[in-house]
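S.K.: The lines below spell out each chain.
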Amino acid sequence: GQSLEQPSEVTAVEGAIVQINCTYQTSGFYGLSWYQQHDGGAPTFLSYNALDGLEETGRFSSFLSRSDSYGYLLLQELQMKDSASYFCAPQSNYQLIWGAGTKLIIKP
Amino acid sequence: DTAVSQTPKYLVTQMGNDKSIKCEQNLGHDTMYWYKQDSKKFLKIMFSYNNKELIINETVPNRFSPKSPDKAHLNLHINSLELGDSAVYFCASSQLDSRETQYFGPGTRLLVL
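Protein sequences appear in the order of chains C and V. In the working numbering, each number is its position in the first sequence, counted from 1, plus 19. In the working numbering, each number is its position in the second sequence, counted from 1, plus 26.
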């Protein structure tokens, strides 16, 4: 079967670093995508990991361990505008698997 | 230039009515999707089309019928609307060989009364 786990909510302080973890179980795994969705907005693509290791894009980094079926999104130098929901979406065969995402709350 | 557009943005209607949501993308993508996001933010794929052909059809009531007149358009028709259909419906597009990178429309907020 398929499963996807990420924390429902994470709270952090402005300027800090936060890590959002994701564990998944799916057949025909290709890679792991991350999307950001602000309240009232649409999901927007952040990053994709097909291979093990860390991918860095500015303040955001994403990590994948295929053997552990595990990934994380690392956000550095948090800004208030980073307050949003973050979805990890493993790619299985012909589609992305989605869940309810992680709501990131940032406090000043 | 809007990449993926949906109309209408808001839809308030009575139970039992039939409604349609339209989606268009100008990115030249060959694959389009319909997603449903519930009040708890759970995002679920409903359908996917590649070059006008249905490639993903998740467990969705028959009252939902997608139609793709060409590869830039994917519409969603919903018959006999029910209270549980209230949600945000997102259209998205991608290239078939880059499914990890999907571009979403702004969403259609459907409220069934």
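It is worth saying that the hints were derived from the structure and are not from the lab. It is possible that some hints are incorrect.
What the hints assert, rightly or not - Cut-off 25 angstroms, straight-line C-alpha distance, at most; resulting in silico cross-link-like pairs (DSS-like, lysine-lysine):
1. 45(V) with 78(V)
2. 35(V) with 100(C)
3. 78(V) with 100(C)
4. 45(V) with 97(V)
5. 62(V) with 97(V)
6. 78(V) with 122(C)
7. 45(V) with 126(C)
8. 97(V) with 66(V)
9. 78(V) with 66(V)
10. 97(V) with 35(V)
11. 126(C) with 66(V)
12. 62(V) with 45(V)
13. 62(V) with 35(V)
14. 93(V) with 70(V)
15. 100(C) with 66(V)
16. 122(C) with 35(V)
17. 48(V) with 97(V)
18. 66(V) with 35(V)
19. 122(C) with 70(V)
20. 100(C) with 126(C)
21. 62(V) with 122(C)
22. 97(V) with 67(V)
23. 67(V) with 78(V)
24. 93(V) with 122(C)
25. 35(V) with 93(V)
Unchecked claim - Listed next, with one range per pair, are the computed distances between beta-carbon atoms:
26. 27(C) with 108(V): 25 to 31 angstroms
27. 53(V) with 47(C): 23 to 29 angstroms
28. 36(C) with 127(V): 23 to 29 angstroms
Ideal placement from N, C-alpha and C gives every residue a C-beta, glycine not left out.
S.K.: Give a verdict on every hint.
M.R.: We went through each hint and held it up to the structure:
1. 45(V) with 78(V): The hint holds at about 21 angstroms.
2. 35(V) with 100(C): holds, 24 angstroms
3. 78(V) with 100(C): violated, 38 angstroms
4. 45(V) with 97(V): holds, 22 angstroms
5. 62(V) with 97(V): Holds, at about 21 angstroms.
6. 78(V) with 122(C): Distance of about 35 angstroms is beyond 25 angstroms: violated.
7. 45(V) with 126(C): This hinted pair is violated, its Cα atoms lying about 41 angstroms apart.
8. 97(V) with 66(V): At roughly 31 angstroms apart (the allowed maximum being 25 angstroms), residue 66(V) and residue 97(V) break the hint.
9. 78(V) with 66(V): Since the Cα atoms of residue 78(V) and residue 66(V) sit roughly 31 angstroms apart, the hinted pair is violated (cutoff 25 angstroms).
10. 97(V) with 35(V): holds, 21 angstroms
11. 126(C) with 66(V): holds, 22 angstroms
12. 62(V) with 45(V): holds, 15 angstroms
13. 62(V) with 35(V): OK: residue 62(V) and residue 35(V) at ~14 angstroms, within 25 angstroms.
14. 93(V) with 70(V): Holds, at roughly 19 angstroms.
15. 100(C) with 66(V): holds, 21 angstroms
16. 122(C) with 35(V): holds, 24 angstroms
17. 48(V) with 97(V): holds, 13 angstroms
18. 66(V) with 35(V): holds, 19 angstroms
19. 122(C) with 70(V): Since the Cα atoms of residue 122(C) and residue 70(V) sit roughly 17 angstroms apart, the hinted pair holds (cutoff 25 angstroms).
20. 100(C) with 126(C): holds, 11 angstroms
21. 62(V) with 122(C): With a Cα-Cα distance of about 18 angstroms, the restraint between residue 62(V) and residue 122(C) holds, given a limit of 25 angstroms.
22. 97(V) with 67(V): violated, 28 angstroms
23. 67(V) with 78(V): Outside the cut-off at roughly 28 angstroms; violated.
24. 93(V) with 122(C): violated, 33 angstroms
25. 35(V) with 93(V): holds, 19 angstroms
26. 27(C) with 108(V): 25 to 31 angstroms: holds, 27 angstroms
27. 53(V) with 47(C): 23 to 29 angstroms: At roughly 26 angstroms between Cβ atoms, residue 47(C) and residue 53(V) fall inside 23 to 29 angstroms, so the hint holds.
28. 36(C) with 127(V): 23 to 29 angstroms: For residue 127(V) against residue 36(C), whose Cβ atoms are near 26 angstroms apart, the range 23 to 29 angstroms holds.
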